[in-house]
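> Starting from the given sequences, assemble the full structure and let the hints guide the process.
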Amino acid sequence: MKFMGYRRPDGKAGIRNHVLVIPAVICANRVARGIAEMVKGAVYVEHQNGCTQIGADLELSRHVISAHGTHPNVFSVIVVGLGCETLRAQDVVADIKKACPYKHVHLVIIQDEGGSVKATAEGARVARAMLAEASRQTREPIDVSELILGTECGGSDACSGISANPALGKTSDLLIEAGGSVILAETTELIGAEHIIAARAVSPAVARRCFEVIARCEKQATDMGVDMRGGQPTPGNIEGGLSSIEEKSLGCVYKAGTKPLQDVIDYAMPVTKKGLVWMDTPGQDIEQITGMVAGGCQIVIFTTGRGTCCGSPIAPTIKVATNSALFARMNDNIDLDAGAIVTGEATVAEVGHFIFDDMIETASGKLCKAEVLGFNDFAIHRIGPSL
Amino acid sequence: MATAKAVVMNPADNTATAVEAIGPDVDVSMSIGGKPVTVHVVDPISFGHKFAVRDIRKGDKIVKYGETIGLATQDIQAGRHVHVHNLESGRGRGDK
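Chains as they are written, first to last, in the working numbering: chain W, 1 to 387; chain F, 1001 to 1096.
Incorrect hints may have been included.
Claimed, not checked - In silico DSS-like cross-links for lysine-lysine, where the CA-CA straight-line distance does not exceed 27 Å: (1) W/Lys219 <-> W/Lys98; (2) W/Lys219 <-> F/Lys1035; (3) W/Lys103 <-> W/Lys40; (4) W/Lys97 <-> W/Lys273; (5) W/Lys219 <-> W/Lys103; (6) F/Lys1061 <-> W/Lys219.
Derived from the structure by calculation, the hints contain no laboratory data. Keep in mind the model is a prediction, meaning the values are calculated, not measured.
Written out as structure tokens, the structure is:
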């Protein structure tokens, strides 16, 4: 089975052809946004990172920002720096050029340009040319085995585990059967369900990793000396009927389908295996999306019971409602409805195929609602304090 | 499949999940492992919330999806609302 995508010179498959404007540091957010707003079709991100970070925390931020530049959904990149920050824009440009020598990457340093107005003008001048060049790229048939799907559930309710997550699990199984990769993430929301996923691990080592990442995550909560409940499940989850993290997790794990677990990888690290892969991310939706996209996923499918609008700046983020009332209420934001499973009008398998078909159409160019509405959510998981 | 007001995900479950607002004081029929079962729902149950399908004793496991989702902090009669007021999570408990 094929979709229509962009074949990059290094052989990777993209499903979008973005010109990305990305700041290396929080201080460059305004200029990055200004550049993207001055031209038609560029995407930009804003974030809180890039200065007064050290060690592994700094390295992770640099990796995530660079990995958005090297991503196959991105055609070319403008990296914006202030000039005095810890995470140097020059290093981000070098990372991207090293991994993707064919990619057009442009550096704008605000202090060197003589301020934000001149830096914005310089960036816009280059972005215009990049967009013109991007428009000359054409899509070609690419096998669906080259897709990496990131799965996510956020704003869960008690229907998440009954309808949308089992249906997304079917979609995951279909993609894996076709040779593709699927990311299961949000470690916090697997607490209480780790034995189910570990039982599907391809080796004792992978199974052991499942319990290790859960133990680390749970220890973070217990070290704070509080009941995690209220933070996880969130107040909205509890209002929606979820009573404990175990109940939330047992509903969440359905979206991983039924295939063997091939690997457990760290936050934002590249997905190298075909089949089901667990990425160790926090449950915070935007940090999770950002980590999965940095890991190479080209498309995200996001189930929600309470309703959410968010989307990656560079990877289409398809929303699936767990119940039809939500689908009607937030129809501007939610792409698909799994509510017919709850009422008995459709089976899990039927809705799973329906989501799969939409995923292929979206991979081939159909815009999802978060893209049309311009969502560009981006947040890098922090593993150390600002100093 | 006929439209039901509540679903039981696994025959081992002692809770059902309401898929529309229920009660109070109504009989609700549902299928548990293919067998029709009727529970008199005592409390008002909001969409997405749970009620006990059989009596649960204090300290018993509360089961959904065939798995433990917490422990009962008090006796819960069949048909009563099961939620954070009578279910205690066993995980992420730094307060214990």
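> State for each hint whether it applies.
Status of the hints after comparison with the structure:
1. W/Lys219 <-> W/Lys98: At roughly 38 Å apart (the allowed maximum being 27 Å), lysine 98 of chain W and lysine 219 of chain W break the hint.
2. W/Lys219 <-> F/Lys1035: violated (42 Å)
3. W/Lys103 <-> W/Lys40: At roughly 20 Å apart (the allowed maximum being 27 Å), lysine 40 of chain W and lysine 103 of chain W satisfy the hint.
4. W/Lys97 <-> W/Lys273: Given that 27 Å is the threshold and the Cα spacing comes to 24 Å, the pair holds.
5. W/Lys219 <-> W/Lys103: violated (42 Å)
6. F/Lys1061 <-> W/Lys219: Roughly 23 Å between the alpha carbons, so the hint for lysine 1061 of chain F and lysine 219 of chain W holds.
Going down the numbered hints, you'll see the structure goes against 1, 2 and 5, while the others check out.
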